[in-house]
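Enquirer: If you want the building blocks of each chain, they are given just below.
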Amino acid sequence: MEWARVLEALLFAATEPMEPGRLAAILREGPEGGQGWPEVKEQDVRDEMLQLSERLAPRGLILREVAGGFRIGTAPDLSGWVAKLKGVVRPPRLSPPALETMAVIAYRQPISRAEVEAVRGVDCSGTLDTLVERGIIRITGRSEAPGRPILYGTTPLFLEHFGLKDLEDLPNSEELRRVKLPAPADPAGPKQEES
Amino acid sequence: MEWARVLEALLFAATEPMEPGRLAAILREGPEGGQGWPEVKEQDVRDEMLQLSERLAPRGLILREVAGGFRIGTAPDLSGWVAKLKGVVRPPRLSPPALETMAVIAYRQPISRAEVEAVRGVDCSGTLDTLVERGIIRITGRSEAPGRPILYGTTPLFLEHFGLKDLEDLPNSEELRRVKLPAPADPAGPKQEES
Amino acid sequence: MIPMLETPGSEALRVELAAFTGPLDLLLHLIKEQEMDIYDIRLEKLTEQYLARLDKMREENLAIAGEFLVMAATLLYLKSRTLLPVQDRPPEEVEEEDPKWELIRQLIEYRKFKEAAGQLGEREALHSRIFGRVPERVTASSALMGPGQVSMFDLVWAFQKVLRSVEERARAGRFSDEQFTVGQKIEFLLDRLQPGEEILFEDLFRSMSSRGEVVVTFLAMLELIRLRQLVAKQDGPLRPILIQRALDPVVNAEDAVLETGEGAGQPVADSPV
Chain L
0 MEWARVLEAL
10 LFAATEPMEP
20 GRLAAILREG
30 PEGGQGWPEV
40 KEQDVRDEML
50 QLSERLAPRG
60 LILREVAGGF
70 RIGTAPDLSG
80 WVAKLKGVVR
90 PPRLSPPALE
100 TMAVIAYRQP
110 ISRAEVEAVR
120 GVDCSGTLDT
130 LVERGIIRIT
140 GRSEAPGRPI
150 LYGTTPLFLE
160 HFGLKDLEDL
170 PNSEELRRVK
180 LPAPADPAGP
190 KQEES
Chain E
0 MEWARVLEAL
10 LFAATEPMEP
20 GRLAAILREG
30 PEGGQGWPEV
40 KEQDVRDEML
50 QLSERLAPRG
60 LILREVAGGF
70 RIGTAPDLSG
80 WVAKLKGVVR
90 PPRLSPPALE
100 TMAVIAYRQP
110 ISRAEVEAVR
120 GVDCSGTLDT
130 LVERGIIRIT
140 GRSEAPGRPI
150 LYGTTPLFLE
160 HFGLKDLEDL
170 PNSEELRRVK
180 LPAPADPAGP
190 KQEES
Chain V
0 MIPMLETPGS
10 EALRVELAAF
20 TGPLDLLLHL
30 IKEQEMDIYD
40 IRLEKLTEQY
50 LARLDKMREE
60 NLAIAGEFLV
70 MAATLLYLKS
80 RTLLPVQDRP
90 PEEVEEEDPK
100 WELIRQLIEY
110 RKFKEAAGQL
120 GEREALHSRI
130 FGRVPERVTA
140 SSALMGPGQV
150 SMFDLVWAFQ
160 KVLRSVEERA
170 RAGRFSDEQF
180 TVGQKIEFLL
190 DRLQPGEEIL
200 FEDLFRSMSS
210 RGEVVVTFLA
220 MLELIRLRQL
230 VAKQDGPLRP
240 ILIQRALDPV
250 VNAEDAVLET
260 GEGAGQPVAD
270 SPV
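Protein chains in written order, with numbering that gives the first Met the number 0: chain L, 0 to 194; chain E, 0 to 194; chain V, 0 to 272.
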């Protein structure tokens, strides 16, 4: 399959996850001022990716499906080596409180601060600010509830940071989406800033 | 050779061309908090790179020697494909003054030389000529203003060069289009030829 | 999160206490430690253990977040209630279910999300060990600009990010109708940064809540970069952009304002017509 080389070059050069559908479209369209392969379908690309993944495995690289697309990265067991390279940035990991806040938002978005706090039982303004600043969550709008509180949701960077294909890929997503949440006005709810 | 996978991961993730001597040193030192291969010599790395180069050849990637080091890149015959990826922008080989001129034209086209100069405060005839020659801007017509000066605008190559979908895709285009510019007759206008 | 540790001996305990993300987390820990069934918690025992923990935290001079105290009060109330015979309870509560169930439900829900957070943390740990390729563009342009410098387009992209956060702040309800000029903002920048001092690009705009102000400040910054009063630099690709005031300015501040001429004095409205 001649386009397999093109596919590998595209995945290699991409600096963001590539959707198979988009890759197939690029392969059909052809390069700037050139001919493509009009018969390539998304499924062909997916099949080829499986093979690519096997070819990469012994080479210190992996192909992973993340944030709705595919991306080549270095094998996890080699992180100690790669981290020694100049200019390579390892995104800092989230603190336990930030992870909890993250989990509530991930499963229950769009959600207001008061609702997150009702689940966690502590003030979450600090962790929310951190997560917004990191670009992992964003303000998605305002609720119709009294006071029209700001609502938060996850960003594509969230999926990338946690290596998730999509929101369905969250562990136990069905159950946690359904769980009834405590009402924000809960008397056991938060009052003060967490340390 | 077990370190060959480490080598490939390092070359993949490197943010700059890697010298074989430095790669050998990293392989000897080992990863963060781990063991390396103390026997690896620069020549071993060079030998392995040759093999890597052969392995890469059929798959759309090449190992190139640039600026005293090695870098994995996409095969030159595939550049037309790679250029279609969003986020991969070819290195702008424009000088900083040319870039500034470019930015003014991009946001305020069609625009005359005198108007560009009023913003930049220096003579721009040199950079305008370069940009026209490079096919990044072109003459789009003449103004109705006194002297009927020539007007410049961007070409499709401009969009390609900066990886933009269209002119709306320019960062922050609304603001920069509306900001009032200094008048061309500005006394602080063109002065000396820029270097 | 983890406090400064002064006494080496208490290190382990301090870290342990600091490790609780909130009162619910502490309660879950105690329930597990006492091998209780969450549906059948022994309130008396739990309350006693909880208060003992708070005492220990106080002894260690740890700041106890208000939420921990609110929970202590809730536990004491629930405990006192169990001591009352049914006929002595407030009439409105007799018909209703035991309020302890409200706490239990909250604990069960919280536990689910805490477990999910743990799983997310594991995924994060795995994926933080995978490195993708960084855009070549950044290296190429920094080569073009000389080591450590930033291209005009990198700056504009960074600026776009700032504008987005301003929009978010504006949507959050903070508006401003003030008008600013490039000249004013040049003075502000020169005032803010002493020669040699540097600041994070984003921090320059952090206090601003109108698009107009941000745009004008950015134009002032570009002007000062052009006049070599400020330098934009970056330690490496994808690293934050720093704005530094030049040590040995080619042009002094007065000239800078003069040279921008009318453009600098031109007021730029927040929402031009």
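Think of the hints as simulated: they come from the structure by calculation, not from any bench.
Some clues are possibly wrong.
Stated by the list, open to error - Derived DEER-like restraints, expressed as beta-carbon distance ranges: (1) L:G140 x V:R191: 51 to 61 Å; (2) V:E166 x E:R147: 19 to 29 Å; (3) V:G65 x E:S94: 53 to 63 Å; (4) E:E38 x L:Q34: 48 to 58 Å.
To be verified - To list a few chain V residues with every Cβ distance to chain L over 12 Å, as calculated: (5) L25; (6) V69; (7) M70; (8) E101; (9) K111; (10) L119; (11) E123; (12) L125; (13) I129; (14) Q178; (15) G195; (16) R225; (17) R244.
Note that CB positions come from ideal geometry on N, CA and C, so glycine has one too.
Enquirer: Each hint: holds or not?
Expert: Here is what the structure says about each hint:
1. L:G140 x V:R191: 51 to 61 Å: Violated - the Cβ-Cβ distance for L:G140 and V:R191, about 34 Å, lies outside 51 to 61 Å.
2. V:E166 x E:R147: 19 to 29 Å: Check failed, 41 Å falls outside 19 to 29 Å.
3. V:G65 x E:S94: 53 to 63 Å: Taking Cβ atoms as reference, V:G65 and E:S94 lie about 59 Å apart, which means the hint holds.
4. E:E38 x L:Q34: 48 to 58 Å: 49 Å Cβ-Cβ, so the 48 to 58 Å window holds.
5. L25: 10 Å, violated
6. V69: 6 Å, violated
7. M70: Nearest chain L Cβ is 7 Å from V:M70, so the label is violated.
8. E101: 8 Å, violated
9. K111: 6 Å, violated
10. L119: 6 Å, violated
11. E123: 5 Å, violated
12. L125: 6 Å, violated
13. I129: 4 Å, violated
14. Q178: About 27 Å separates V:Q178 from the closest Cβ of chain L, which puts it past 12 Å; holds.
15. G195: 25 Å, holds
16. R225: The assertion about V:R225 holds, with a minimum of 28 Å to chain L.
17. R244: 25 Å, holds
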